[in-house]
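Dock chain B against the given chain A, drawing on the hints supplied.
Here's the letter readout for the chains.
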Amino acid sequence: MKRIKRQRLGAIMLVIVMLPCWVIPAMADEFTQEDLTRWGSEYMTVVKQGRKVFTDGKLGTNGVSCGQCHPNASNTHPETYPKFQKQLGEVVAIWEMINWCIRNPLEGKDLAADDPRMTALQTYISHERRGVKLEPGKH
Amino acid sequence: MTKSLTRRNFIKGAGALTAIATVPISMVELVFADSSLNFTFAHISDSHIQQIKGTKFVRNWDRGLIRAVAETNLLNPKPDFVIYGGDLAQLGGKAELDRGAEIMSALNYKIYYSMGEHDYYEDLGEYWSKLFGKHYYSFDHKGVHFVVLNSILTYDEWTYDRWPTGKRRMLEMAMIDNPNGSPFMVGKKQRDWLRQDLANINKSTPLVVISHSPLQKIWRGWNFWTEDAEEVQALLKPFKKTTVIYGHVHQIQYNQIGNISFHAVMATAWPWPYPATYSQAEQYLPKITVPMNRADAFHERDGTGWQFVNMTNGNIDLHYTLYDNDRRIVAFNTITGQPEDMGYQAENKRIPPQSHY
Numbered sequence: 697m698k699r700i701k702r703q704r705l706g707a708i709m710l711v712i713v714m715l716p717c718w719v720i721p722a723m724a725d726e727f728t729q730e731d732l733t734r735w736g737s738e739y740m741t742v743v744k745q746g747r748k749v750f751t752d753g754k755l756g757t758n759g760v761s762c763g764q765c766h767p768n769a770s771n772t773h774p775e776t777y778p779k780f781q782k783q784l785g786e787v788v789a790i791w792e793m794i795n796w797c798i799r800n801p802l803e804g805k806d807l808a809a810d811d812p813r814m815t816a817l818q819t820y821i822s823h824e825r826r827g828v829k830l831e832p833g834k835h
Numbered sequence: 430m431t432k433s434l435t436r437r438n439f440i441k442g443a444g445a446l447t448a449i450a451t452v453p454i455s456m457v458e459l460v461f462a463d464s465s466l467n468f469t470f471a472h473i474s475d476s477h478i479q480q481i482k483g484t485k486f487v488r489n490w491d492r493g494l495i496r497a498v499a500e501t502n503l504l505n506p507k508p509d510f511v512i513y514g515g516d517l518a519q520l521g522g523k524a525e526l527d528r529g530a531e532i533m534s535a536l537n538y539k540i541y542y543s544m545g546e547h548d549y550y551e552d553l554g555e556y557w558s559k560l561f562g563k564h565y566y567s568f569d570h571k572g573v574h575f576v577v578l579n580s581i582l583t584y585d586e587w588t589y590d591r592w593p594t595g596k597r598r599m600l601e602m603a604m605i606d607n608p609n610g611s612p613f614m615v616g617k618k619q620r621d622w623l624r625q626d627l628a629n630i631n632k633s634t635p636l637v638v639i640s641h642s643p644l645q646k647i648w649r650g651w652n653f654w655t656e657d658a659e660e661v662q663a664l665l666k667p668f669k670k671t672t673v674i675y676g677h678v679h680q681i682q683y684n685q686i687g688n689i690s691f692h693a694v695m696a697t698a699w700p701w702p703y704p705a706t707y708s709q710a711e712q713y714l715p716k717i718t719v720p721m722n723r724a725d726a727f728h729e730r731d732g733t734g735w736q737f738v739n740m741t742n743g744n745i746d747l748h749y750t751l752y753d754n755d756r757r758i759v760a761f762n763t764i765t766g767q768p769e770d771m772g773y774q775a776e777n778k779r780i781p782p783q784s785h786y
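Heads up: the sequence lines are chains A and B, in that order.
Here the working numbering is used: the first residue of the first sequence is 697, the next is one more, and so on.
Here the working numbering is used: the first residue of the second sequence is 430, the next is one more, and so on.
For reference, chain A alone in the conformation it holds in the complex (with noise of 0.2 Å):
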């Protein structure tokens, strides 16, 4: 019986220290199909931002396209950054590659690395490189 009992007040205590679990929503590791969507839907909005700003000849100064030369994202290889950049002589992250594309076939200037367009090209770039394995410093 007293093991019974002490058994019952653990789950009442157990049920005051979840409480706030259920009152407050969006705990860690609480979500639902309906944040799913939405975060899914936040990053397809970004993407199509992205391929707009890709393909629009507005990034530079000469009309000239990221997708002039790259359809579809295709031979940008989000997948091997960061890597060795024979040209640069050294190791570099995707963006500063992005902003030499930039200040040369585009004739533009260097977008800073945590500009939303830099975010929308890469968020972009990758999209259409999805389910390629990781492969950083592959040339």
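Because the hints were derived from the structure by calculation, they are not lab data.
Bear in mind the structure is a predicted one, so any value in this text is a computation, not a measurement.
Accuracy of the hints is not assured; some may be wrong.
[Unchecked claim] In silico DMTMM-like pairs for lysine to aspartate or glutamate, Cα to Cα no more than 20 Å straight-line: (1) K744(A) with E803(A); (2) K482(B) with E803(A); (3) K482(B) with D752(A); (4) K744(A) with E601(B); (5) K716(B) with D753(B); (6) K632(B) with D569(B); (7) K754(A) with E601(B); (8) K782(A) with E601(B); (9) K596(B) with E803(A); (10) K834(A) with D725(B); (11) K485(B) with D810(A); (12) K596(B) with D585(B).
Chain B only, in chain A's frame:
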């Protein structure tokens, strides 16, 4: 069967181009060929001259064409003529076509022009016609029949009914990975013309077809494709020696379908990746093609160039003159009956830059 390998200096350089003069180009001639019928021509394609505003144009694409014209003028022996493979302009406006025509006017040879989609879709080739003439035609040269097609047409509904302006139509077709685009075709009217044109030609006459689109089906996604390819190929089939030379793809491709040899040419503007590098797509490339080297963006002209073509005994050797790479020669092998790379065809001859992913 014997072959003799003759080395000649094909380009005599001067001034800034002396470095090129030191590079001998190996020519292959078949000893049984009637050498009086051999001739060469040059092929320049896909320059994409792009207007920024007013008199400002994209320097990079300008330089590609200017260099091709300068080097072609230095060819020795001189080619009999030059073929332009299409996409002289980026968005087909008068300013771009005029500038392209002006750069091309420095060539010392007769030029035969063919139409690319970038020349066509703003005004359906109207201004291009004023500069260069008919959209499709044929001519004969030293026993070879040449046909120039306008192979970048598409469905009437897409061309005439879908877009509010010519400019918009051009922009939609200009982006090769655009899902709003439409597949290239030669079309019934032109196929009927081709049937008529070929009717009186002896079937043993070597035939060379100049086209912008591939006249074969490689990958529809980027319009490396001709919707009525089979119908066109059927018209070429009765001829014993037929070669199709096409632009559009900005890369080395070659193929053999029955009696028809296919050769793609490089752009003077920029190279394109192979369709196989798009990981979301099915992979297609003619099995016999040894790919070009992966382009190094840090060398502005890498992966671009122009071609000269040696017409020997009715088949062609196509010489890719690559600005920042070793030259590549793809020649018809009479033993295997297909075009083959003279340096890299065997599996064990391939080099790492030829792997694309």
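Which hints from the list above does the structure break, by number from lowest to highest? Numbers 1, 5, 8, 9 and 11 - these are the hints that the structure violates, sorted from lowest upward.
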